[in-house]
Amino acid sequence: MAWGSVENNYPFEQLPEAILTDELRCNPVSNNIQVITRHRSRWIAHFLLWKLFEKAQLDTALLGKIYRGVNGRPELPAEDIDFNISHSGNFVAVIVNVKKKHNCVGIDIELPNKPNKKRNFEGLLRHFGSEEEWTWCHTQEKMKFETAFYNCWCLREAVLKAVGHGILKLSYVEHHPNTLVIRSDYCPKGQLIFDDSLGFYLAIFIQGKDLNNIQYFQWNGKNLEAFHLNNSRCYQVNH
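Heads up: the sequence shown is residues 1 to 239, going by this note's numbering.
Just so you know, the hints here were simulated from the structure itself, not pulled from any lab data.
A hint or two may mislead.
Said to hold, decoys possible - Capping the alpha-carbon separation at 20 Å, the derived lysine to any residue pairs in SDA-like fashion look like this:
1. 222 - 11
2. 142 - 195
3. 100 - 208
4. 118 - 34
5. 100 - 57
6. 209 - 169
7. 101 - 68
Starting from the given sequences, assemble the full structure and let the hints guide the process.
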């Protein structure tokens, strides 16, 4: 897994022409700052994927063959490699999983206090959450309510993104925060991690039992720097 800030420097000129997708080759259709930032985020995600592929000694030519699969989810033409992307505010994060068939991954990041985006945490939680989550979020002593909310939100996004479902299915994910268990008919059996120590909230779902094997890297403007998570909650999904 790797992440970086939109504000960092990225040597995009090093990306081989053959691995660029049509989406990247198209210039933004507007001068709107959000459109431009979104386009830059796509380039950053592709760059980070390229760096992870190089680290894992994978065929980087596959990155030029990314296509939209079920529900518009980006896919690779390789059954033993899966990836997922998330961006929020000025941050972009990607994850790559290499295994056998059925190795899907999902990632979601959310920036706290995002400018121009005020969320009604309590109203949203009432909409998609359970009474158990409501009570848990309001009784945390070591966690702010906002953090508890994003714990409930991000884990849902991560498990649903792993198989191409969107936020319309949020309420179809059962989250039992006290026992660290997640259940849903819309994702396979696996594990999930939630962390709030990176300057943004992070949730990663991985099919199977490979959670402890995830390597984390931060782009520091020159290279990928290894990083260790220090404040994670680990969940069993559909076990």
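Tested hints:
| no. | hint | in the structure |
| --- | --- | --- |
| 1 | 222 - 11 | 8 Å, holds |
| 2 | 142 - 195 | 14 Å, holds |
| 3 | 100 - 208 | 11 Å, holds |
| 4 | 118 - 34 | 17 Å, holds |
| 5 | 100 - 57 | 16 Å, holds |
| 6 | 209 - 169 | 24 Å, violated |
| 7 | 101 - 68 | 19 Å, holds |
This entry does not satisfy hint 6, going by the numbered hints stated previously; all others are met.
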